[in-house]
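This is what each chain is made of:
There are 2 protein chains.
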Amino acid sequence: MQHPPVGLVGIGLMGEAFARRLVAADHAVLGYDVEPAKRAHLHAIGGQVAEGLTEIARRAQPIILAVFDTEQVEEATDALAAALPPDARRIVLCASTCDPDRIAALAARHGNIRFVETPVSGTSQQVLLGNGVGLIGGDAHAAAEAALVLDAIYPTRFHVGAAGDAGRTKLAINLILGLNRLALAEGLVFAERMGLDGAAFLDVARRSAAYSQIMDVKGDAMLARDFAPKGRARQTLKDARLMLDQAARVGQQLPLLEVHAAILEACVREGEGELDNSVVIEEIRRRHRRA
Amino acid sequence: MQHPPVGLVGIGLMGEAFARRLVAADHAVLGYDVEPAKRAHLHAIGGQVAEGLTEIARRAQPIILAVFDTEQVEEATDALAAALPPDARRIVLCASTCDPDRIAALAARHGNIRFVETPVSGTSQQVLLGNGVGLIGGDAHAAAEAALVLDAIYPTRFHVGAAGDAGRTKLAINLILGLNRLALAEGLVFAERMGLDGAAFLDVARRSAAYSQIMDVKGDAMLARDFAPKGRARQTLKDARLMLDQAARVGQQLPLLEVHAAILEACVREGEGELDNSVVIEEIRRRHRRA
Chain C
11 MQHPPVGLVG
21 IGLMGEAFAR
31 RLVAADHAVL
41 GYDVEPAKRA
51 HLHAIGGQVA
61 EGLTEIARRA
71 QPIILAVFDT
81 EQVEEATDAL
91 AAALPPDARR
101 IVLCASTCDP
111 DRIAALAARH
121 GNIRFVETPV
131 SGTSQQVLLG
141 NGVGLIGGDA
151 HAAAEAALVL
161 DAIYPTRFHV
171 GAAGDAGRTK
181 LAINLILGLN
191 RLALAEGLVF
201 AERMGLDGAA
211 FLDVARRSAA
221 YSQIMDVKGD
231 AMLARDFAPK
241 GRARQTLKDA
251 RLMLDQAARV
261 GQQLPLLEVH
271 AAILEACVRE
281 GEGELDNSVV
291 IEEIRRRHRR
301 A
Chain E
11 MQHPPVGLVG
21 IGLMGEAFAR
31 RLVAADHAVL
41 GYDVEPAKRA
51 HLHAIGGQVA
61 EGLTEIARRA
71 QPIILAVFDT
81 EQVEEATDAL
91 AAALPPDARR
101 IVLCASTCDP
111 DRIAALAARH
121 GNIRFVETPV
131 SGTSQQVLLG
141 NGVGLIGGDA
151 HAAAEAALVL
161 DAIYPTRFHV
171 GAAGDAGRTK
181 LAINLILGLN
191 RLALAEGLVF
201 AERMGLDGAA
211 FLDVARRSAA
221 YSQIMDVKGD
231 AMLARDFAPK
241 GRARQTLKDA
251 RLMLDQAARV
261 GQQLPLLEVH
271 AAILEACVRE
281 GEGELDNSVV
291 IEEIRRRHRR
301 A
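Those sequence lines, one after another, are chains C and E.
Residue 158 in this note's numbering sits at position 148 of the first sequence, with consecutive numbering throughout.
Residue 123 in this note's numbering sits at position 113 of the second sequence, with consecutive numbering throughout.
So here's chain C without its partners, still in its complex pose (with noise of 0.2 Å):
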């Protein structure tokens, strides 16, 4: 008997990664994106193109989500269900970063899906390169099932709870992620603004307590100024907003996070909103004022 394809709606950054990893890892991958380039891309990477989610639902297994926001996976997920053929059933694997309490609803809503959380603590090019951290939230059953396929894109992989919980602690890993970076920015330019030497600071930095993995990823780019985008800090900004949501909702203050998200405004609102998230350092560099 032949497998069948794994299914991908969404072929961004985040979607491509992935079918580069199933490709190599010699899986066939049936995917679909709105955007004919993208299709087209898939094509020349070794996919094969579907006419869209009908044709995914009806012969992929699993299928993977790497759609922009929640509504995008509240849609495509409806539309796989609605098309799947009487008494089939699908398990999704849903890598976008959602509002956790709509995917936790989302996972309950239809009989014939077996909802999976799976959003990577990394960038696209981490998971690329088989160093995305999976965060897998929901049917235990299913997530074993489809075992081989997640071994193939995230070789290391957390199971954190029930649908939502894997969304939850996306979010509170990326507000500690975002916190260091704005804390390096910080430090990166209290010690400019003393007089010290930016990379020699930095190298008695990494060696010492305060080492964080952000000052190996972002370090350098923050003093060199290069803020060619990895994760955009529109991006960025949208995230945290939604962890503000969240704690709205749970009645939590997050202090450090609110300061994070006015950096990110003002960044934004100065036209920097398409650069990479570490340029908030250039707010921190506006905050001064000479005697």
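Keep in mind that the hints were calculated from the coordinates and are not lab data.
Each residue gets a CB set at the ideal place from its N, CA and C atoms; glycine is no exception.
Mixed in with the good hints there might be a few duds.
Part of the chain E face toward chain C, derived, beta carbon under 10 Å [to be verified]:
#1 134
#2 151
#3 182
#4 195
#5 199
Given chain C's structure and the hints, the job is docking chain E onto it.
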């Protein structure tokens, strides 16, 4: 020719760690503290007790200062300079965390004192284990002459610049360290408030791109609400104010550090000043209003 003993002024937690490491490396230690109990303690761990700073000035080389603050460093250095015989010169290694500008001025004050800044990134416990990272600033020739002593107390160290620059480096490193600590606190509270298991979340966060060394040092204690002091909140607030003073002097705003200082102030108001600085997580927990 017999080597002169290493001088040690101040036998608190850090001074004791220095004394233990020096004795273990077969250096004779001649030390003094204004508190008789600390002098007795030095004797118990294998050091010699001096009658006062005059004896240390006359007999010891180099002389390590491990006193509380800038005022005490200035007083001790002036006293040592005044007590030296004509034509004698001494190397003074200053391990206290101080105001960098006043240290730069002090280093130039006395013709018979060769002043080297030697603050550490790390706790007295880390120094004791040989894991303190020494930050060296000032007279490079004097630092080279004192290399055997520095080897004993700081196996890893960096010469970061002129006198004052080691203190500046320490302040900027500790700014990042303190903010990483508070970011971790905020992330843990956010995760718990959304219903995640704190220990499982911390485990995933440590494997993620959000990793910081403070997760290893303080994560478990924050979750267990164990605030036995390694570094006290009151002292960390004092250091944060020193950073804010420096920043004001160079006209730089530091928005995250301002939040950190306010959180530490709230902890001190709540009677938590003598607890470990990771108690900031309790203030974040208090910023919760149930719906």
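Worksheet item: For this structure, which hints from the list above don't hold up?
Response: 1, 2
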